[in-house]
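Visitor: Could you put together the complete structure from these sequences and hints?
Given next are the chains, with one letter for each unit.
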Amino acid sequence: MSVALVIGRRLLAIAVIMIVVSFLVFAILFATPGSPEQLLLGAGPTTPEALAAVRAKYHLDEPLFTQYLYWLGDAVRLDFGESIQTSQPVVSVLGERLPITLFLAGYATVIALLVGIPSGLLAGLRNGTAGDRLVTFVTTLGISAPSFAIGILLLYVFGITLGWFPIFGAGEGFADRLLHLTLPAVALSATVLAIIARQTRAAALTVESQDYMTFARARGLPRRLLFGRYALRNSSLPVVTSSGLVLASFLTGAVLVEQVFAIPGLGSLTVAAVTNKDVPVVQAVALLAALVVLVLNLLADLAYTVLDPRVRKVVFPQ
Amino acid sequence: MTERTETEPAVLAHEETAELLDVQRLVVSSAATGRRVVDGIDLRIGRGETVALVGESGSGKSMTARAITGLLPNGLVAGGSVHFAGHELLAAGDRNMRRVRGNGIGLLMQDPFTMLNPLTTAGTHIAETLRSHRSRGDRPVRGDLTGEVADRLAEVGITQPGAARKYPFELSGGMRQRVSLAAAIANDPALLIADEPTTALDSTTQREVLRLIRRIQLDRAMGLLLITHDLRVAFSLCDRILVMRAGNIVDAADPVTLRAAPTSDYTRHLLAADLPVDHQRPDLSVDAPGADADAVPLLEVTGLTKRFGTRRQLRGPDGGSLALDGVGLRLSEGRSVGIVGESGSGKTTLARCVLGLEQATSGTIVVDGIDVTDYRTLSKTDRHRARRLVQCVFQDPYSSLNPSHTLRFILTEAIRQRRDNGTDGTDGTDGDNEDDDAEVARLLADVGLPENYARRRPVALSGGQRQRVAIARALAQRPRVLVCDEPVAALDVSVQEQVLRVLRDQRARGVSLLFITHDLAVARHMTDELVVLHRGRVVESGDTADVLDRPRHDYTARLLAAVPTGEPAWLA
Chain A
0 MSVALVIGRR LLAIAVIMIV VSFLVFAILF ATPGSPEQLL LGAGPTTPEA
50 LAAVRAKYHL DEPLFTQYLY WLGDAVRLDF GESIQTSQPV VSVLGERLPI
100 TLFLAGYATV IALLVGIPSG LLAGLRNGTA GDRLVTFVTT LGISAPSFAI
150 GILLLYVFGI TLGWFPIFGA GEGFADRLLH LTLPAVALSA TVLAIIARQT
200 RAAALTVESQ DYMTFARARG LPRRLLFGRY ALRNSSLPVV TSSGLVLASF
250 LTGAVLVEQV FAIPGLGSLT VAAVTNKDVP VVQAVALLAA LVVLVLNLLA
300 DLAYTVLDPR VRKVVFPQ
Chain B
0 MTERTETEPA VLAHEETAEL LDVQRLVVSS AATGRRVVDG IDLRIGRGET
50 VALVGESGSG KSMTARAITG LLPNGLVAGG SVHFAGHELL AAGDRNMRRV
100 RGNGIGLLMQ DPFTMLNPLT TAGTHIAETL RSHRSRGDRP VRGDLTGEVA
150 DRLAEVGITQ PGAARKYPFE LSGGMRQRVS LAAAIANDPA LLIADEPTTA
200 LDSTTQREVL RLIRRIQLDR AMGLLLITHD LRVAFSLCDR ILVMRAGNIV
250 DAADPVTLRA APTSDYTRHL LAADLPVDHQ RPDLSVDAPG ADADAVPLLE
300 VTGLTKRFGT RRQLRGPDGG SLALDGVGLR LSEGRSVGIV GESGSGKTTL
350 ARCVLGLEQA TSGTIVVDGI DVTDYRTLSK TDRHRARRLV QCVFQDPYSS
400 LNPSHTLRFI LTEAIRQRRD NGTDGTDGTD GDNEDDDAEV ARLLADVGLP
450 ENYARRRPVA LSGGQRQRVA IARALAQRPR VLVCDEPVAA LDVSVQEQVL
500 RVLRDQRARG VSLLFITHDL AVARHMTDEL VVLHRGRVVE SGDTADVLDR
550 PRHDYTARLL AAVPTGEPAW LA
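Same order as they appear, the protein sequences are chains A and B.
Residues in the first sequence are numbered consecutively from 0, following numbering that gives the first Met the number 0.
Residues in the second sequence are numbered consecutively from 0, following numbering that gives the first Met the number 0.
Quick caveat, the hints were computed from the structure, so don't treat them as lab data.
Do not rely on the hints blindly, as some may be mistaken.
Unchecked claim - Restricting the straight-line Cα-Cα distance to at most 25 angstroms, the calculated cross-link-like pairs of lysine to aspartate or glutamate (DMTMM-like) are:
hint	chain 1	residue 1	chain 2	residue 2
1	B	K165	A	D210
2	A	K312	B	D504
3	A	K312	B	E169
4	B	K165	A	D300
5	A	K312	B	D317
6	B	K165	A	E207
What the hints assert, rightly or not - Which bits of chain B does chain A cover? Going by a derived footprint, with three or more residues having C-beta under 8 angstroms, they are:
hint	stretch
7	124-133
8	164-174
Glycine is no exception: its CB is placed at the ideal position from the N, C-alpha and C atoms.
Guide: This is the structure:
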């Protein structure tokens with residue numbers, strides 16, 4: 000089976016799941032209290048003409064399934080209608096917010112991986128030492144503390160008391176944005192970092208007691224090989240498997256952190272949209288979240304396949 | 000092949016000492032409790048000398064090897080002195096030890112299936128060892144090592160092109176052990192410590208790998224410390240043998256002396272426990288009552304074929320992989336039929352089909368008149384009866400008993416199951432506790448365990464005792480056929496015999512045995528008839544004595560030749 004075929008199959012599966020999700024998302028409009036016309040009209044004057052216009056625009060007089068098809072057809076062309084709050088097209092609203100949240104999530108991912116994996120590895124390989132206990136203690140804190148609490152603490156210490164970082168906003172330009180989003184990214188990554196460190200530690204503990212580690216030591220291999228080619232690669236396998244879901248949680252986690260740091264990202268948009276019953280925006284965000292989860296899982300599986308020759312040779316026989 | 004670099008670490012500046020390795024008063028103990036695993040042993044190996052450390056599990060032989068190489072597991076500490084090529088190793092520190100490991104002392108471990116990094120190729124394992132002991136300046140680039148890696152693989156008999164690019168999971172056990180050997184000695188160490196290097200391998204592969212180690216050891220005049228549980232292997236390969244028990248060396252002599260005049264009772268005991276393959280020891284022979292080969296068979300297997308694969312593969316042209324190919328056998332009341340063959344020959348698949356744990360692709364299995372080929376199609380009564388009649392004893396007694404239950408619970412559960420299924424045919428009506436307890440006691444007595452063991456849990460038992468409990472559990476069902484899948488393969492020699500005696504007693508009571516083993520000496524003692532399996536096919540079958548004394552098939556002859564004789568000629 001060729002690489003393209005394998006990936007093609009997975010993409011097809013993603014498309015099927017997305018259709019199911021889209022149906023549920025479409026149903027949001029009808030599950031929300033109040034009539035659809037009223038919802039879509041928002042705070043505007045409810046004249047009979049306005050209602051009729053809305054009915055015509057959203058095909059509300061058609062059978063439900065036809066309505067869904069119209070909606071799906073638009074959604075595929077990235078047309079989710081207009082935001083009820085701002086009357087802007089939903090896509091351009093998302094377009095403003097998404098880069099900020101992506102930056103934040105990407106930043107948090109880098110922090111979580113660059114700190115979580117090495118510290119977990121070190122703790123696992125130096126089982127029982129002070130370093131191991133420190134990592135275990137800190138990760139326990141990280142797992143149990145909610146991200147907004149960490150965010151407020153960071154804000155107070157580094158933003159207000161020490162004044163090292165700006166305390167709100169997303170910043171303009173790369174360097175400024177990096178500075179603005181550092182504290183939020185740390186707050187957002189804390190839980191995931193702790194989970195990754197824990198998983199890596201557990202994996203490294205298992206790897207450490209494997210015969211191949213002893214055999215590698217018995218051949219006098221240098222420490223960097225033992226850490227890299229042996230411990231890191233072997234312990235990364237279980238971590239990679241779960242990383243898809245873990246990283247996807249950054250999207251949902253962003254809701255709280257963006258509120259705390261007053262960042263105009265996707266999270267704060269979602270909160271506002273839900274509060275104001277801005278159904279088109281909620282629908283678009285929900286679809287986006289589902290797509291992100293599925294794609295991240297696909298990427299995690301592909302990464303696993305690349306890392307593990309036992310899987311690689313089964314999935315892609317020569 | 001022996002190109003050395005000028006940057007050889009000072010630690011290895013070989014002085015001309017007579018002894019290569021001189022271990023004195025070596026103690027390995029638990030850091031927490033002080034319990035001694037190795038209790039002050041002395042051990043000397045000269046250049047080019049081969050020394051065997053023989054002992055059963057828990058004797059401390061592996062920990063001795065680990066202590067010499069400074070690779071003790073966490074929680075164990077070593078004391079005493081280990082002198083290697085004029086340097087003290089126990090106080091050397093990790094940095095210095097790293098120079099010695101692989102370079103001065105190579106270590107080859109037992110399990111070829113776990114010793115290699117699953118994520119890197121055979122060639123990488125050898126190349127990384129070659130590179131790791133050269134200083135940064137003249138460390139060769141990866142590509143330049145291709146030729147040398149190929150040379151090293153050729154030395155261990157791997158000459159197929161592309162072998163270096165294979166991952167461990169693509170190689171057989173024997174091939175993996177060869178790759179491991181090549182990696183362990185890639186830097187031409189003066190001493191190789193081989194810790195049970197062939198225990199996990201098939202018998203024919205074992206002989207090949209031992210021969211290979213022997214040849215390389217002679218070619219290079221390398222010192223060899225062989226750690227093994229098998230006295231015969233030690234006799235064949237080594238100049239000197241040390242027998243170890245409970246952390247102490249109880250005997251030390253050359254093979255001839257040790258065989259003729261062992262000084263310790265333990266060595267005598269080990270020698271006596273040895274099962275010969277060429278004849279039956281009189282003390283283990285059996286006269287089963289109804290041992291009539293021509294009686295109506297209790298178990299009859301005809302044309303049994305089993306294919307494994309995904310649904311698509313099974314429908315495809317190759318039809319999946321063929322595990323059993325038209326296997327037939329008959330087992331009569333009170334008889335014992337042995338299934339012998341190497342790993343992958345289909346022995347265990349056959350057992351699993353008979354037990355209804357695996358669905359045969361075609362063929363029939365009849366147990367006492369019930370066609371059990373497909374357990375799913377049986378009526379409830381027939382299924383219960385068939386399941387009760389055929390019971391199983393598995394290989395690994397450490398995983399076949401639930402560790403959280405007492406022996407009483409384990410046995411009572413089996414007794415009640417027999418009664419509840421109402422296929423008992425004996426008492427059946429009476430299910431009160433007293434009766435259960437009495438039966439538990441009787442079952443324990445049957446397998447030679449005292450009654451008060453009923454309160455114990457498996458963790459408080461030795462491997463041999465656990466296996467006897469597993470047998471008692473099977474007997475609780477009052478079976479007529481006992482399928483024994485390598486019942487003594489995981490046990491030490493000295494306890495093997497106890498388990499074999501228990502099984503022999505059951506045969507004398509009329510229980511038939513389907514005895515699966517890779518060990519021809521065990522087969523000689525435990526079976527009336529033999530079925531030799533090779534790649535899923537029966538290549539030879541007949542009277543055990545006939546098959547083993549006058550093998551007709553090449554494969555049987557090869558299996559017989561692979562049984563260690565204890566003579567040096569065996570590895571010549």
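Visitor: Quick one, are K312 of chain A and D504 of chain B close enough, alpha carbons at most 25 angstroms?
Guide: Violated: K312 of chain A and D504 of chain B sit about 50 angstroms apart, past 25 angstroms.
Visitor: Given the hinted pair K165 of chain B and D210 of chain A, is their alpha-carbon gap at most 25 angstroms?
Guide: Roughly 19 angstroms separates the two Cα atoms, so the pair holds.
Visitor: Would you mind confirming whether the straight-line C-alpha gap from K165 of chain B to E207 of chain A stays at or under 25 angstroms?
Guide: holds, 24 angstroms
Visitor: Hey, K312 of chain A versus E169 of chain B, does the alpha-carbon distance stay inside 25 angstroms?
Guide: holds, 9 angstroms
Visitor: What's the verdict on K165 of chain B and D300 of chain A, does the C-alpha distance respect the 25 angstroms limit or exceed it?
Guide: holds, 23 angstroms
Visitor: The stretch 164-174 of chain B covered by chain A? Criterion: 3 or more residues, Cβ-Cβ distance below 8 angstroms.
Guide: Per the Cβ count (3), the hint holds.
Visitor: Holds or violated: K312 of chain A and D317 of chain B, Cα atoms, limit 25 angstroms.
Guide: This hinted pair holds, its Cα atoms lying about 20 angstroms apart.
Visitor: Count the residues of the stretch 124-133 of chain B with a beta-carbon closer than 8 angstroms to any beta-carbon of chain A: does the count reach three?
Guide: holds (count 4)
The structure does not agree with numbered hint 2 stated previously, though it agrees with all others.
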